[in-house]
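Given chain L's structure and the hints, the job is docking chain H onto it.
Chains as they are written, first to last, in this note's numbering: chain L, 1 to 234; chain H, 235 to 327.
Some clues are possibly wrong.
The list that follows gives simulated cross-link-like pairs (lysine-lysine, DSBU-like), each with its CA atoms no further than 30 Å apart [claimed, not checked]:
#1 K50(L) - K291(H)
#2 K291(H) - K65(L)
#3 K237(H) - K60(L)
#4 K258(H) - K116(L)
#5 K291(H) - K6(L)
#6 K101(L) - K294(H)
#7 K20(L) - K219(L)
#8 K116(L) - K294(H)
#9 K237(H) - K68(L)
Derived from the structure by calculation, the hints contain no laboratory data.
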Amino acid sequence: MTYNGKIVLITGTSRGVGNKLAEYYLKENATVIGISTSNFSLNGLYDHYKCDLSNGNEIKDTFRKISKNHSCIDIVINNAAILTSQYSLIMPVKNAEDMVKTNLLGTFFVSREAAKLMRKSEYGRIINIGSMAVSLEPKGDSIYAACKAGIGTITNIMAKELSTYKITCNTLGITAIETDMLNQLPREKIDEIIKTLPIPRYATINDIINVINFFCSEKSSYITAQTIYLGGIH
Amino acid sequence: MIKETVIATIQDVVDSFSDAENVKIDENSELFGKNSIIDSMTLVSIIVDIEELFSDKYNKEICLTDDRAMTREQSPFDSVKTLIDYIEEITKK
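This is chain L alone, in the form it adopts within the complex (with noise of 0.2 Å):
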C-alpha cells in the first residue's frame, strides 16, 4: 500500500514502538501527526502535538488545534501506552489511575475525535496497540492488562458505530519489544514469558508493521472489530 498523500496520526511519538512508526510511515510518504507529552520533532512531513493523553478535555483541545492544520485524518494508531508493573497489593493508587487514564480512556478520546474528522471523508482506518498481557495475564499487570482488555472491548463497539462511515477499527496485541518501557520490567520475567510463545522470540518493529499495514490497506475495508497477536498468542 502507498501512503503517499495520506494523513497518519501515531500517539506517543517521541519514544519507543511510536517513535519506529512514525519513521516508518515518514519515509513512506505519509504526513504524520504525532501526540506526546514532550515537545518533541522529527524531519519531513511531521506536526507534533504536545498533549497530555490522560486528559480528556486536553486531548479535545488538540483536536481542535489539528483540525485546523489538517482537513482529515486517514489513519490513527493508538500506541502510546504507560505501564507500572506491581502487585495488586502494593500498587499506588496515582499509578493504577494514571494507566487508566492514559491507556484506556486516552485510547478512547483519541479514537473518538479522530473519528469526527474521518467520518466526513468516510474513510479510516484507527488501530489500536493491545498487549499480550490481555491473554497471558501475567502477575503484576492486573491493572495494565485491563486497560488493554478494554482496549479491545472499546475498539470492537466503536467498529460497530463507525462502519456507518465506513472506518475501521481493529486491535494489534503485540509481544515484549526491545523498547524503553521494557527496560522498566525485569528483564529475567519477560525473557520466561516469551519462551513459552508459540514463536519464542521478541517482536521486531517489522512484526508490528506487518499487521498495521495490513489493517490500514484499501483492501481491507471488511476487516474490523478484529484482533491480531503477534507471536502464536490467542
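Okay, now just chain H, sitting in the frame of chain L:
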C-alpha cells in the same frame, strides 16, 4: 440566527449521511422516535456537528448530551424545534 444555523447544519448532515433522499428539514422534522426520518448515527453526527459549529464559529463550548439534556421531561432531540429551543436556552445562560 441559531434557528437558521441549526436547520442548515442538520440539512447538511442528513444530505451527507442519511439514506433518506430529498428530505427537506424544517422545524417540524422529527429527529428521534418512530416517525424520525434519520437513524441513530445520523443523529449522532448532527449533535457532533452542532457542538463543533458552536465551538468553531461562536467560540462557545456546548454539550448537547450531558445530564441536563438527557434527564429533561421533553427530550431536546424529539424534533428540530425542541433542539433549537434547547440550544437557545443553554446558550443564553
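Hints, verified against the model:
In summary, the hint linking K50(L) to K291(H) is supported, as the alpha carbons are separated by about 25 Å, within the 30 Å threshold. Proximity of K291(H) to K65(L) is assessed by CA-CA distance (about 14 Å); at most 30 Å being required, the pair is judged to hold. Proximity of K237(H) to K60(L) is assessed by CA-CA distance (about 26 Å); at most 30 Å being required, the pair is judged to hold. A C-alpha spacing of about 24 Å is found between K258(H) and K116(L), which places the hinted pair at or below 30 Å, so the restraint holds.
At roughly 28 Å between alpha-carbon atoms, K291(H) and K6(L) fall within 30 Å of each other, so this suggested pair holds. The hinted pair formed by K101(L) and K294(H) meets the criterion: a straight-line CA distance of about 26 Å does not exceed 30 Å. For the hint linking K20(L) to K219(L), the alpha-carbon distance of about 25 Å falls within 30 Å, and the restraint holds. A C-alpha spacing of about 18 Å is found between K116(L) and K294(H), which places the hinted pair at or below 30 Å, so the restraint holds.
Distance restraint check for K237(H) and K68(L): the Cα-Cα separation of roughly 26 Å lies within the 30 Å cut-off, and the hinted pair is therefore satisfied.
This entry satisfies every hint, going by the numbered hints stated previously.
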